[in-house]
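Work from the hints to combine the two standalone chains into their complex.
Chains as they are written, first to last, in the working numbering: chain A, 1 to 116; chain B, 1001 to 1108.
Simulated from the structure, these hints should not be mistaken for laboratory data. Ideal Cβ placement from N, Cα and C applies to all residues, glycine included. Treat the hints loosely; a few may be bogus.
[Said to hold, decoys possible] Between beta-carbon pairs, the in silico distance windows are:
{"id": "1", "chain 1": "B", "residue 1": "S1026", "chain 2": "A", "residue 2": "R9", "range": "34 to 40 Å"}
{"id": "2", "chain 1": "A", "residue 1": "S27", "chain 2": "B", "residue 2": "H1073", "range": "31 to 37 Å"}
{"id": "3", "chain 1": "B", "residue 1": "F1018", "chain 2": "A", "residue 2": "S87", "range": "37 to 43 Å"}
{"id": "4", "chain 1": "A", "residue 1": "M40", "chain 2": "B", "residue 2": "N1022", "range": "20 to 26 Å"}
[Claimed, not checked] Incomplete in silico selection of chain B near chain A, CB under 7 Å:
{"id": "5", "residue": "G1041"}
{"id": "6", "residue": "I1043"}
{"id": "7", "residue": "S1045"}
{"id": "8", "residue": "M1048"}
{"id": "9", "residue": "N1094"}
{"id": "10", "residue": "F1096"}
{"id": "11", "residue": "T1100"}
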Amino acid sequence: DAGVIQSPRHEVTEMGQEVTLRCKPISGHNSLFWYRQTMMRGLELLIYFNNNVPIDDSGMPEDRFSAKMPNASFSTLKIQPSEPRDSAVYFCASSLATGGPYNEQFFGPGTRLTVL
Amino acid sequence: KNEVEQSPQNLTAQEGEFITINCSYSVGISALHWLQQHPGGGIVSLFMLSSGKKKHGRLIATINIQEKHSSLHITASHPRDSAVYICAAVNTGNQFYFGTGTSLTVIP
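Chain B extracted, bound-state conformation (with noise of 0.2 Å):
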C-alpha cells in the first residue's frame, strides 16, 4: 500500500474548466509538498503546507490534517497548466513519500 494515494491519475480538461486534483496520505505528516513537472521535465515547487489553504494566482492548495487530505485547485485552467503534478508528504521524521502524480491534458 502506499503511503501518499492521488486521484485521479490522468485528467484531461477543457480550457476554463476548474480542476482539482486530489492526494491522500497515511502517515502523520509535518508538511505536504505540491510539485508540477512539466513536459520538459523540468519540477517546480508549487506549494509547501502544513495546515489550512494557500493560493498563487489561479492555484489553490489545502489541507485537512485531521483527514489526511490535501487538494490542488486550478482556477480558469489554460493548456500552460497541462503537466503532471505530484504531492509529496514529509512525515514527523523527515522521510519523503510520493504520489505518483496526476497527468493533466487543457485542451484549448
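Okay, chain A solo, but in the shape it has when bound (with noise of 0.2 Å):
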C-alpha cells in the first residue's frame, strides 16, 4: 500500500497567486483530514470529509480556503488568492472511520508551501 499521497512536497509561490495541493487517501478509507501545521500555531485541523462529504470546516481559516472532495480518492485544498501567513506544512491524512473521527489515522508526508 503507497499510504496517503499528497502533491506536490514542496511550492512556493507570491502572495496572491492560487495554490492547489492534492491528496489521495489510503485506497478503501472513508475519512479525510486536512491540517495545517506552523511553529506559531502547532497542528489545526482545517476539514475533514466523511464518505466525500465535508462534515467539519469549522477550521477553515478563511474564505479563501477551499477545500473539496470529488471522489473518494482524491481531494484539494485550495487557497485563493495566497498571503504570507499561509505558510505553512499541510498534511492531509485519512483513515476508515464509522461515524466520526475516532479512528487511527495515516498521515501523507505533507506539503511545505511558502508564499513569498
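See below:
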C-alpha cells in the first residue's frame, strides 16, 4: 500500500497566486482530514470529510480556503489568493471511520507551502 | 487558556530510561489521539483511545476520563524514539484540540 499521497511536496509561490494542494487517501478509507502545521500555532485541523462529504470545516481559516473531495480517491485544498501567513506544512490524513473522527489516522508526508 | 496542555515541553533522557509524557484536557472528549512526529516531519498516529489503556510494543497510553488526563509511556527508551509527541482531544462535537507537543530526545 502506498499510503496517503500528497502533491506537491514543496510549493513556493508569490502572494496573490492561487495554490492547490492534492491528496490521495489510502484505498478503502472513507474519512479524509486536512491539517495545517506552523511553528506559531502548532497542528490545526482545517476540515474533514466522511464519505466525500465535508463534515466539519470550522477550522478553515478564511473564505480564501476551500476544500473539495469529488470522489473517494482524491481531495484538493485550494487557497486563493494566497498570503505569506498561509506559509505552513499542510498534512492530509485518512482513516476508515464509522461515523466520527475516532479511528486511527494515517498521515501523508505533507506539503510545505511558502508564500513570498 | 489552551484546551489541551502537555508536559513537559522538552524532555531529554538516557537510552533505556522509562519516559512519561502527560496530557491534560479541559473539554469533554469522545477520543484522544497520540501522534508522533519524526525529525523529518512525518506524522504517525500511535494511539486512539477513549478509555483505559492501550499497549503497542514499548509504548503504553492510558487515559483517565474522570481526571481528564492521559499519559504516554515509553519503556526502555531508544534514540529512535526521539521525536515530538502530540496529543489531540476530540470533543463530542467532533472538534479537535491539539497540544503543543513534547519534544523528546533520547541520548545513547
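Requested in this report: Determine which of the earlier numbered hints do not hold for this structure and return their numbers in increasing order.
Outcome: none
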